[in-house]
Amino acid sequence: MDIPFTVKNRPDTGLYNGKLGVWLFLASEVMLFGGLFSAYVFLRTGVDSWPVGADILNVPLATLNTMFLITSSVTMVMSWASLKLNDFKKFKLYAGLTLLLACLFLVVKYFEYTAKFDHHLFPSTNNFLGIYFTMTGLHVLHVIGGIFVIYYYWRKFDHNHRTLINNIFCALFLVAIFTNWDEGIKGYETTNGLISIVLLLVALVSSRKEQFKLKTKYLILGTFFVGALGIFNFHGTGYYLFLFLGLLAIADSFIFKSNTTYESDPEHFTNRIEIVGLYWHFVDLVWIFLFPVLYLL
Amino acid sequence: MTPEEVKHHIKTYVLVFVALAFLTVVTVAISYLDLSVRPAVILALIVASIKGSLVACYFMHLIDEKVTIYWTLLATVAMFMVLMFVPLGTMLNHTQM
Amino acid sequence: MTIDHHKQSFWTKYVFSTDHKIIGIQYGITSLVWLLFGFVLMMIMRYQLAYPESPIPFVGGLIGEGGILPSEMYNSLGAMHGTIMIFLGVVPLAFGAFGNYFVPLQIGAIDMAFPKLNAASYWMYFLGSVIMGIGFFVPGGAANSGWTSYPPLADIATTGQTVWLFGMVMLITSSLLGSINILATVIQLRTEGMTWMKLPIFVWTQFITAFLLLLAFPPLEAAGVLQLMDRLAGTSFFMPSGLVVSGEVLTNAGGGSPLLWQHLFWFLAHPEVYVLILPAFGIVTEVIANNTRKPIQGYKSLVYSMVFLGFMSFVVWAHHMYLTGMGTSIGAFFQTTTMIISIPSVVILTALLLSLWGGSIRFNTPMLFALGFLPMFGIGGLTGLPLGLAAADIHLHDTYYVIGHFHYIVAPGTIFALFAGIYYWFPKMTGKRTNEMLGKLHFFFSFIFMNGVFMPMFIQGLAGVSRRLWDGGEIYAHAADVLYLNEVMSVSAWLLGLSQLFFIINMIISLKGEKTGEANPWDATTLDWTDTTSPPLGHGNFEKVPTVYCGPYEYSVPGSKEDFTPQSKKG
Ligand code: HEM
Ligand SMILES: [Cu+2]
Numbered sequence: 236m237d238i239p240f241t242v243k244n245r246p247d248t249g250l251y252n253g254k255l256g257v258w259l260f261l262a263s264e265v266m267l268f269g270g271l272f273s274a275y276v277f278l279r280t281g282v283d284s285w286p287v288g289a290d291i292l293n294v295p296l297a298t299l300n301t302m303f304l305i306t307s308s309v310t311m312v313m314s315w316a317s318l319k320l321n322d323f324k325k326f327k328l329y330a331g332l333t334l335l336l337a338c339l340f341l342v343v344k345y346f347e348y349t350a351k352f353d354h355h356l357f358p359s360t361n362n363f364l365g366i367y368f369t370m371t372g373l374h375v376l377h378v379i380g381g382i383f384v385i386y387y388y389w390r391k392f393d394h395n396h397r398t399l400i401n402n403i404f405c406a407l408f409l410v411a412i413f414t415n416w417d418e419g420i421k422g423y424e425t426t427n428g429l430i431s432i433v434l435l436l437v438a439l440v441s442s443r444k445e446q447f448k449l450k451t452k453y454l455i456l457g458t459f460f461v462g463a464l465g466i467f468n469f470h471g472t473g474y475y476l477f478l479f480l481g482l483l484a485i486a487d488s489f490i491f492k493s494n495t496t497y498e499s500d501p502e503h504f505t506n507r508i509e510i511v512g513l514y515w516h517f518v519d520l521v522w523i524f525l526f527p528v529l530y531l532l
Numbered sequence: 431m432t433p434e435e436v437k438h439h440i441k442t443y444v445l446v447f448v449a450l451a452f453l454t455v456v457t458v459a460i461s462y463l464d465l466s467v468r469p470a471v472i473l474a475l476i477v478a479s480i481k482g483s484l485v486a487c488y489f490m491h492l493i494d495e496k497v498t499i500y501w502t503l504l505a506t507v508a509m510f511m512v513l514m515f516v517p518l519g520t521m522l523n524h525t526q527m
Numbered sequence: 112m113t114i115d116h117h118k119q120s121f122w123t124k125y126v127f128s129t130d131h132k133i134i135g136i137q138y139g140i141t142s143l144v145w146l147l148f149g150f151v152l153m154m155i156m157r158y159q160l161a162y163p164e165s166p167i168p169f170v171g172g173l174i175g176e177g178g179i180l181p182s183e184m185y186n187s188l189g190a191m192h193g194t195i196m197i198f199l200g201v202v203p204l205a206f207g208a209f210g211n212y213f214v215p216l217q218i219g220a221i222d223m224a225f226p227k228l229n230a231a232s233y234w235m236y237f238l239g240s241v242i243m244g245i246g247f248f249v250p251g252g253a254a255n256s257g258w259t260s261y262p263p264l265a266d267i268a269t270t271g272q273t274v275w276l277f278g279m280v281m282l283i284t285s286s287l288l289g290s291i292n293i294l295a296t297v298i299q300l301r302t303e304g305m306t307w308m309k310l311p312i313f314v315w316t317q318f319i320t321a322f323l324l325l326l327a328f329p330p331l332e333a334a335g336v337l338q339l340m341d342r343l344a345g346t347s348f349f350m351p352s353g354l355v356v357s358g359e360v361l362t363n364a365g366g367g368s369p370l371l372w373q374h375l376f377w378f379l380a381h382p383e384v385y386v387l388i389l390p391a392f393g394i395v396t397e398v399i400a401n402n403t404r405k406p407i408q409g410y411k412s413l414v415y416s417m418v419f420l421g422f423m424s425f426v427v428w429a430h431h432m433y434l435t436g437m438g439t440s441i442g443a444f445f446q447t448t449t450m451i452i453s454i455p456s457v458v459i460l461t462a463l464l465l466s467l468w469g470g471s472i473r474f475n476t477p478m479l480f481a482l483g484f485l486p487m488f489g490i491g492g493l494t495g496l497p498l499g500l501a502a503a504d505i506h507l508h509d510t511y512y513v514i515g516h517f518h519y520i521v522a523p524g525t526i527f528a529l530f531a532g533i534y535y536w537f538p539k540m541t542g543k544r545t546n547e548m549l550g551k552l553h554f555f556f557s558f559i560f561m562n563g564v565f566m567p568m569f570i571q572g573l574a575g576v577s578r579r580l581w582d583g584g585e586i587y588a589h590a591a592d593v594l595y596l597n598e599v600m601s602v603s604a605w606l607l608g609l610s611q612l613f614f615i616i617n618m619i620i621s622l623k624g625e626k627t628g629e630a631n632p633w634d635a636t637t638l639d640w641t642d643t644t645s646p647p648l649g650h651g652n653f654e655k656v657p658t659v660y661c662g663p664y665e666y667s668v669p670g671s672k673e674d675f676t677p678q679s680k681k682g
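Residue numbers (the working numbering), protein chains in the order written: chain V, 236 to 532; chain C, 431 to 527; chain B, 112 to 682.
Bear in mind the hints are in silico, worked out from the structure with no lab data behind them.
It is possible that some hints are incorrect.
Derived lysine-lysine pairs resembling PhoX-like cross-links, with alpha carbons at most 20 angstroms apart [stated by the list, open to error]:
1) C:K496 x V:K325
2) C:K496 x V:K243
3) V:K391 x V:K325
4) B:K411 x B:K309
5) V:K243 x V:K351
6) C:K437 x V:K319
7) B:K309 x B:K680
8) C:K441 x V:K325
9) B:K681 x B:K309
10) V:K243 x V:K327
11) C:K437 x V:K327
12) V:K319 x C:K441
13) B:K623 x B:K655
14) B:K672 x B:K655
15) B:K681 x B:K543
16) B:K626 x B:K543
17) V:K324 x V:K243
18) C:K496 x V:K324
19) V:K243 x V:K325
20) B:K543 x B:K623
21) V:K344 x V:K391
Label pairs and their calculated CB-CB ranges [to be verified]:
22) V:F383 x C:E434: 47 to 53 angstroms
23) B:K227 x V:F352: 38 to 44 angstroms
24) V:F346 x B:G304: 45 to 51 angstroms
25) V:F346 x C:L465: 25 to 31 angstroms
26) V:Y345 x C:E434: 41 to 47 angstroms
27) V:F383 x C:T432: 54 to 60 angstroms
28) C:P469 x V:G372: 26 to 32 angstroms
29) V:L483 x C:L465: 16 to 22 angstroms
30) V:I403 x B:D509: 56 to 62 angstroms
31) V:Y345 x B:E164: 31 to 37 angstroms
32) B:D509 x V:Y345: 45 to 51 angstroms
33) V:Y345 x B:V457: 53 to 59 angstroms
34) V:G372 x B:G628: 56 to 62 angstroms
35) B:D509 x V:P286: 47 to 53 angstroms
No residue lacks a Cβ here, since even glycine has one placed at the ideal position from N, Cα and C.
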């Protein structure tokens with residue numbers, strides 16, 4: 236038996252369940268960030284001096300990031316509109332762009348954070364930095380969550396897409412291995428490192444060949460295990476990155492199935508994207524306030 | 431929603447995007463004016479609120495939503511305001527009020 | 112309409128179920144276990160209070176050298192008793208268990224709006240509760256800064272506090288998922304004809320409770336994150352400058368404010384106390400209407416009072432902070448709001464009392480508990496008024512008087528209501544009847560000993576005995592006159608614990624008993640009784656989803672043949 240109003244609107248409220256649900260969730264999110272903003276105001280008014288964000292933080296980078304998020308918000312809403320026009324190709328394009336922009340946001344954020352750490356600016360340095368790291372950190376978690384969700388609906392693969400994704404993971408793997416070179420691959424891990432590289436190259440090449448396409452994922456699995464064997468004598472950040480990417484790649488190719496809602500029930504799928512969009516716009520909205528409050532004032 | 435309406439919406443989205451980008455530049459520009467704290471805060475919050483409302487109204491379609499959602503958000507905004515401002519009140523002592 | 116009968120394995124049917132009834136029962140069992148555990152913690156504390164520094168019987172071996180309760184451990188037990196009772200016991204039972212099981216049934220829905228989310232919310236709660244339990248095994252023991260976790264103490268406390276915070280974050284997330292679900296279910300899945308003013312009061316209370324949880328809990332989550340940052344990343348959100356601990360100045364950056372925590376905490380925790388009481392109102396209303404066989408007096412005033420109560424509960428929180436040196440103007444504001452919020456409470460209590468008037472009351476076990484609730488809540492509420500006025504609170508704050516006040520509401524109040532609910536709905540959930548004799552014994556003994564535990568607290572509190580004292584006030588001269596009460600309270604507490612055996616035995620015997628086959632043994636009017644079998648069908652609840660024509664409490668309608676008119680009866 237199916238729950239009513241999962242797809243169609245309930246006549247008297249004019250809503251389907253998911254939409255109401257996500258708005259309720261956003262209401263609680265408003266209060267969550269509200270708590271933090273309230274803390275910010277309370278702490279700031281409670282002390283005599285408070286640093287100006289622009290003196291410590293990198294405004295140009297943050298402006299760039301603002302642009303990324305705003306743009307991703309438009310592409311998100313466009314992806315939904317494309318579905319409304321029954322144009323699935325356009326949907327993939329726009330949702331893909333959203334994902335890309337979101338990832339760029341994270342990359343910029345990564346450089347911002349590490350730059351702070353390099354200058355010995357930590358959350359514990361003062362309460363301004365403390366609240367900066369807490370608020371942006373929580374926001375980053377929301378971005379990451381959004382990326383996972385959007386990706387889940389975006390990943391509907393024919394073989395070419397599969398190949399593309401696998402190649403991206405291979406490339407990221409290679410980067411992870413090479414950035415680790417000095418820390419360990421050169422020493423203990425030479426064999427593992429080399430085997431991984433060979434496997435990955437084979438993967439990259441074979442994924443181009445029609446008859447091997449679907450087998451690439453096993454090569455990735457192999458790479459991961461070979462690499463993971465290094466765990467006993469090797470502990471760099473890059474290594475953890477390697478493991479993390481590996482798990483993601485494996486989860487992606489072996490565990491998750493393509494979402495087939497669009498085929499079975501396009502309206503349902505469109506609704507889902509609307510909901511995801513609402514969440515994503517909210518993440519954007521929070522940033523719109525975080526940006527001036529933390530960086531400019 | 432008919433395809434025409436959707437196309438019309440898409441035009442709005444692009445316009446909103448342009449406005450958002452423009453306003454971002456504006457906030458940053460204002461921050462380089464070196465205003466004193468009070469006007470700087472007020473201006474920045476006004477601009478941010480405009481941007482926020484644009485996102486909420488057009489991208490999130492709040493401009494045309496159902497009453498249930500309006501009521502929910504109204505309650506939320508009320509509680510949000512309480513949470514933001516009432517704690518500050520406890521910092522004042524009676525001579526200041 | 113068809114009902115799925117496909118075979119499910121034990122795991123999918125009872126463990127990872129998405130059926131709201133199973134999830135409700137999972138919530139119920141888990142929270143009852145935690146309630147019992149929290150109660151045991153308290154019984155241990157009461158031994159120390161009655162006979163300071165003498166070895167504790169039975170569990171002494173687990174506790175420490177010579178079986179004597181060390182003072183640090185006393186603090187742990189106190190903090191964990193509060194946390195467990197509120198966040199792992201009463202709320203999950205009242206909201207998670209009863210809400211999950213009966214809201215969909217009463218509004219004629221086949222399940223919750225988001226069944227998977229529902230399961231996720233239970234498992235989050237379970238995980239959170241396990242994390243809380245782990246706290247007992249980390250170095251330094253479980254959290255020991257009170258259930259309120261005030262910094263700076265909590266910021267510098269032992270590891271248990273970190274565990275507590277992680278547990279809280281899980282529990283809060285679980286509550287948020289649960290409340291979204293209840294709200295969406297009530298708004299979207301009411302069956303045909305079930306208009307807002309035909310909702311049973313129980314559904315209303317769950318609905319308002321869900322709103323409180325939805326909007327009040329996130330700020331505490333934010334505060335929890337901030338406190339975690341303080342503890343793990345060395346920030347000083349709650350740490351003032353120049354704090355001296357054990358003779359040494361702390362090296363952290365400082366500039367923070369302990370008051371910030373108190374604001375964010377009480378912003379949740381005052382609405383939370385209404386989360387504790389509203390479902391109790393709901394259950395009591397159902398039971399009273401059913402057993403007086405007449406409509407509830409003032410349905411609409413009950414609904415509006417509860418909505419108003421919900422809103423007001425967000426603007427009274429600083430009455431927990433009168434002694435923090437706030438200005439008089441803002442103090443006046445909070446005193447005023449606190450006085451205003453007691454008005455709807457009085458309206459509700461009055462409506463329930465008036466509902467008894469002229470009824471032909473059936474004194475069965477659920478009804479006894481519901482009737483017991485009324486005066487107990489009355490005492491609890493009235494003793495709140497002096498606390499709400501700053502002048503009186505200066506004397507009473509942080510004394511046993513406060514403990515007496517809120518326990519009267521939560522223990523003989525809410526817990527009685529929950530027992531009423533369990534006895535009332537047991538036939539629905541199992542298709543069997545409970546034993547009336549044991550139930551009545553359970554009630555009478557509980558009633559006597561509850562008062563034995565909590566009434567003396569007012570006397571001690573008025574004499575000025577502080578709460579959270581390890582030795583029960585022995586070293587204070589002003590406590591000398593009332594010290595003998597410690598033993599009275601402790602003995603009552605243990606006897607209260609023994610009285611719960613009636614309940615446990617009753618449950619076991621009744622569960623072993625035969626099914627009666629009656630769907631509606633109480634002759635009730637609401638959909639949960641009239642349109643489902645007992646227990647309700649596995650997936651889908653109703654043979655045929657009912658349509659609603661009548662109000663929820665149409666008992667003894669003049670001219671009708673039976674003395675109750677089901678909501679789904681036409682005309
Ligand atoms: C009827 C109106 C009520 C009034 C005027 C009232 C007032 C107060 C006040 C002023 C305090 C703070 C005392 C102090 O710390 O000095 C307090 C504490 C408390 N109240 Fe109430 N209250 C009311 C109803 C309730 C209800 C319905 C509950 C629900 C369970 C409740 C639960 C609590 C709790 C748990 C505390 C103690 C918190 C702590 O410090 O650990 N109260 N009440
Ligand atoms: Cu309160």
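These are the hints, each one checked on the structure:
1. Under the criterion of a C-alpha separation no larger than 20 angstroms, the hint pairing K496 of chain C with K325 of chain V is inconsistent with the structure, at around 29 angstroms.
2. The suggested pairing of K496 of chain C with K243 of chain V holds, with an alpha-carbon distance near 15 angstroms, which does not exceed 20 angstroms.
3. Distance check on the hinted pair: K391 of chain V and K325 of chain V sit about 13 angstroms apart at the alpha-carbon level, within 20 angstroms; holds.
4. The hinted pair formed by K411 of chain B and K309 of chain B meets the criterion: a straight-line CA distance of about 10 angstroms does not exceed 20 angstroms.
5. Taking the CA atoms of K243 of chain V and K351 of chain V, the gap is near 49 angstroms; set against the 20 angstroms cutoff, the hint is violated.
6. Of the supplied pair hints, the one linking K437 of chain C and K319 of chain V holds, its CA atoms being roughly 10 angstroms apart against a limit of 20 angstroms.
7. Under the criterion of a C-alpha separation no larger than 20 angstroms, the hint pairing K309 of chain B with K680 of chain B is consistent with the structure, at around 13 angstroms.
8. Of the supplied pair hints, the one linking K441 of chain C and K325 of chain V holds, its CA atoms being roughly 16 angstroms apart against a limit of 20 angstroms.
9. Taking the CA atoms of K681 of chain B and K309 of chain B, the gap is about 14 angstroms. The hint holds against a cut of 20 angstroms.
10. Proximity of K243 of chain V to K327 of chain V is assessed by CA-CA distance (about 24 angstroms); at most 20 angstroms being required, the pair is judged violated.
11. A C-alpha spacing of about 18 angstroms is found between K437 of chain C and K327 of chain V, which places the hinted pair at or below 20 angstroms, so the restraint holds.
12. This hinted pair checks out: K319 of chain V and K441 of chain C have alpha carbons roughly 15 angstroms apart, not beyond 20 angstroms.
13. A hinted pair counts as satisfied when its Cα atoms are at most 20 angstroms apart, and K623 of chain B with K655 of chain B does not qualify at roughly 30 angstroms.
14. Under the criterion of a C-alpha separation no larger than 20 angstroms, the hint pairing K672 of chain B with K655 of chain B is inconsistent with the structure, at around 25 angstroms.
15. Between K681 of chain B and K543 of chain B the alpha-carbon distance is near 29 angstroms, which puts this suggested pair outside the 20 angstroms criterion.
16. For the given pair, K626 of chain B sits about 5 angstroms from K543 of chain B by alpha-carbon distance, which is consistent with the 20 angstroms threshold.
17. Between K324 of chain V and K243 of chain V the alpha-carbon distance is near 24 angstroms, which puts this suggested pair outside the 20 angstroms criterion.
18. Of the pairs offered as hints, the one joining K496 of chain C and K324 of chain V is violated, with about 31 angstroms between alpha carbons and a cut-off of 20 angstroms exceeded.
19. Annotation: proposed proximity of K243 of chain V to K325 of chain V is violated, straight-line Cα distance about 24 angstroms (limit 20 angstroms).
20. The hinted pair formed by K543 of chain B and K623 of chain B meets the criterion: a straight-line CA distance of about 9 angstroms does not exceed 20 angstroms.
21. For the proposed pair K344 of chain V and K391 of chain V, the alpha carbon gap of about 29 angstroms is over 20 angstroms, so the pair is violated.
22. Look at F383 of chain V against E434 of chain C: about 35 angstroms separates their beta carbons, and that is not inside 47 to 53 angstroms.
23. Judged by the Cβ atoms, the range 38 to 44 angstroms given for K227 of chain B and F352 of chain V holds: they are separated by roughly 39 angstroms.
24. Taken as a hint, the range 45 to 51 angstroms is violated for the pair F346 of chain V and G304 of chain B, whose Cβ atoms sit roughly 60 angstroms apart.
25. In this structure the hint that F346 of chain V and L465 of chain C lie 25 to 31 angstroms apart at CB holds, the actual value being about 29 angstroms.
26. Judged by the Cβ atoms, the range 41 to 47 angstroms given for Y345 of chain V and E434 of chain C holds: they are separated by roughly 43 angstroms.
27. Distance hint for F383 of chain V and T432 of chain C: a CB-CB separation of about 33 angstroms, inconsistent with the stated range 54 to 60 angstroms.
28. Here the CB-CB span from P469 of chain C to G372 of chain V is close to 30 angstroms, well matched to the stated 26 to 32 angstroms.
29. Distance hint check: the CB atoms of L483 of chain V and L465 of chain C are about 46 angstroms apart, inconsistent with the given range 16 to 22 angstroms.
30. Checked against the hint of 56 to 62 angstroms, the C-beta distance between I403 of chain V and D509 of chain B comes to roughly 60 angstroms, which is consistent with it.
31. For Y345 of chain V paired with E164 of chain B, a C-beta distance near 56 angstroms fails the hint of 31 to 37 angstroms.
32. Against the hinted window of 45 to 51 angstroms, the Cβ-Cβ separation of D509 of chain B and Y345 of chain V comes to about 47 angstroms, which satisfies the hint.
33. Here the CB-CB span from Y345 of chain V to V457 of chain B is close to 57 angstroms, well matched to the stated 53 to 59 angstroms.
34. Here the CB-CB span from G372 of chain V to G628 of chain B is close to 58 angstroms, well matched to the stated 56 to 62 angstroms.
35. For the hinted restraint 47 to 53 angstroms between D509 of chain B and P286 of chain V, the CB-CB distance of approximately 37 angstroms leaves it violated.
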